[in-house]
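Given these sequences and hints, build the entire structure.
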Amino acid sequence: MAEYRLDCLGEACPVPLLKTQKKLAGLNVGDMLIVEIDHSCAMKNVPEWARKEGHNVEIEETGDGEWEIYIEKVK
Amino acid sequence: MKLEENRYFKAVVKDAWPYTVGAVLLALLNITLFIANGSPWGVTTPFVYWAAWIHETLVGPVRDWVYFNNPTHLKALDLTFFTHGGSLMNLGIIIGALFTSLAASQFKIRKIKSFRQVIAAIVGGLLMGYGTRIAFGCNIGAFFSGVASFSLHGWVYTIFIFAGAWIGSKLLVKFFM
Amino acid sequence: METKTTVTERVTVRPGRKKKNQLPAAIVVLLGVIWFAFLLGGQSAGLALSWIFGICFGVVLQKSRFCFTAAFRDPVLTGSTSLTKAVIIAVSIASVGFGAIQYAAVTKGGTLPGFVSPVGWHVAIGALMFGIGMVISGGCASGTLMRVGEGFMMQWLSLIFFVLGTLWGAHDYSWWKSIFIDGTSGVHLPSVLGWPLGIVLQLTVLGLLYILADRWGNRQKS
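Chains as they are written, first to last, in our numbering: chain A, 1 to 75; chain B, 1 to 177; chain C, 1 to 222.
It should be emphasised that the hints constitute simulated quantities derived from the structure, not laboratory data. Treat the hints with caution; some may be incorrect.
Capping the alpha-carbon separation at 30 Å, the derived lysine-lysine pairs in BS3-like fashion look like this [as the list claims (entries may be wrong)]:
| hint | chain 1 | residue 1 | chain 2 | residue 2 |
| --- | --- | --- | --- | --- |
| 1 | C | K20 | B | K113 |
| 2 | B | K113 | A | K19 |
| 3 | A | K23 | B | K2 |
| 4 | B | K111 | C | K20 |
| 5 | B | K111 | A | K22 |
| 6 | B | K108 | A | K22 |
| 7 | A | K22 | A | K52 |
| 8 | A | K52 | B | K170 |
| 9 | B | K111 | A | K23 |
| 10 | A | K75 | A | K23 |
| 11 | A | K23 | B | K174 |
| 12 | A | K19 | B | K111 |
| 13 | A | K23 | A | K52 |
| 14 | A | K19 | B | K170 |
| 15 | A | K52 | B | K108 |
| 16 | B | K2 | C | K20 |
| 17 | B | K10 | A | K52 |
| 18 | A | K22 | B | K174 |
| 19 | C | K177 | B | K75 |
| 20 | A | K75 | B | K174 |
| 21 | B | K111 | B | K10 |
| 22 | C | K177 | B | K10 |
| 23 | A | K75 | B | K170 |
| 24 | A | K22 | B | K113 |
| 25 | A | K19 | B | K108 |
| 26 | B | K113 | B | K174 |
| 27 | A | K19 | A | K52 |
| 28 | A | K23 | B | K170 |
| 29 | B | K174 | A | K52 |
| 30 | B | K113 | A | K23 |
| 31 | C | K108 | B | K75 |
| 32 | B | K108 | B | K2 |
| 33 | B | K111 | B | K174 |
| 34 | B | K2 | A | K19 |
| 35 | A | K75 | A | K52 |
| 36 | A | K22 | B | K170 |
| 37 | B | K108 | C | K20 |
See the structure below:
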């Protein structure tokens with residue numbers, strides 16, 4: 001189970017989600033992707049998409065207006 | 001911190017609200033505004049007044065332009081930012097968003113990351129501004145309030161803003177990512 | 001880890017993270033808002049009301065991360081329709097309220113209130129331009145203002161050019177008027193189709209769009 005980080009700090013909407021979709025597609029089942037964001041829309045739309053795809057998702061606030069989204073690829 | 005662990009503080013102040021809650025509240029606010037003001041929510045007409053006020057101060061008059069040559073616009077040209085309701089409403093939107101970001105300790109100055117973002121902001125901003133004047137509004141005035149006003153122009157706007165978003169998405173992925 | 005989606009976003013806060021508590025600053029802003037409301041109220045109740053409504057809109061937009069841009073963009077770009085559905089709900093509720101307001105005004109013999117503007121190719125072209133602009137700049141009109149308040153410098157820049165763009169548009173307006181706008185007029189659906197049909201038709205179309213958006217959003221797309 002590998003862990004990958006995706007730095008999306010400073011990206012405009014909807015770039016964090018687009019990059020997450022692309023990156024996650026290339027990972028193996030069981031891998032963990034940690035997406036770093038500072039966009040208030042992305043802390044909603046990235047987890048929403050990932051959960052809809054069936055993955056395990058947790059969000060952690062890591063700073064003022066900064067979050068890390070942990071996505072465990074399930075299928 | 002005890003306050004931050006309080007259920008109600010978390011739900012209302014700290015956490016993001018569901019989209020549906022936002023939708024209902026925005027609709028109720030718009031209806032209430034319509035009743036109180038006689039006119040529904042619009043965002044971009046104040047923008048042209050801001051530009052016009054600056055232009056009239058620095059460059060020259062605009063009241064001879066066809067666009068401004070009607071009673072509503074002429075009256076507004078004689079106002080100032082702090083005596084114009086629509087301008088104050090737009091400032092309120094900015095400050096309201098600032099307030100809730102700070103209350104949730106989520107305010108952060110997000111700096112521009114790349115030159116591509118600069119181009120995107122400039123080109124996107126100009127397109128939006130120009131488009132609102134010929135289409136009679138933006139996503140709020142023409143779409144939200146226009147469709148809610150049962151106006152056909154609102155529906156035409158809906159179809160073409162959707163088409164524009166599709167084109168914009170292609171451009172975004174190709175040039176601005 | 002759970003996979004169940006919840007109504008509100010479950011966000012944990014990393015303990016001991018180096019962050020500032022911004023609540024004091026929020027209180028200062030709130031006091032400023034209240035002070036300004038009284039200041040304006042001293043001049044005119046209408047101005048104070050506009051200010052308060054603006055604050056309310058800003059609060060709701062930011063708290064719910066409400067993005068009209070995403071409502072139009074995401075169905076095709078990311079496959080998500082959650083905001084699309086929310087926007088349809090907002091427009092539907094507003095339609096009911098607006099319809100009642102309009103009906104009341106018209107049956108009392110007054111002019112038709114609301115935003116009814118001339119229909120024509122100018123609307124199509126302007127909306128197309130707006131749609132392109134909002135997606136590449138990362139925010140529509142309300143979204144840009146909301147993000148200005150959240151601290152996004154890209155939207156500060158976008159707002160400046162948005163304002164300039166409106167003046168440019170106003171400058172060219174006479175051309176558009178002579179080519180596209182002259183001769184067109186506003187079409188108020190209930191006035192043309194009759195109130196019952198006009199209202200029912202619009203709400204039905206909105207309902208169908210909601211169902212369509214719901215189906216589209218549930219497609220497993222990767």
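Problem set entry | Structure versus earlier hints - violations, ascending order | Structure breaks hints 3, 22 and 34.
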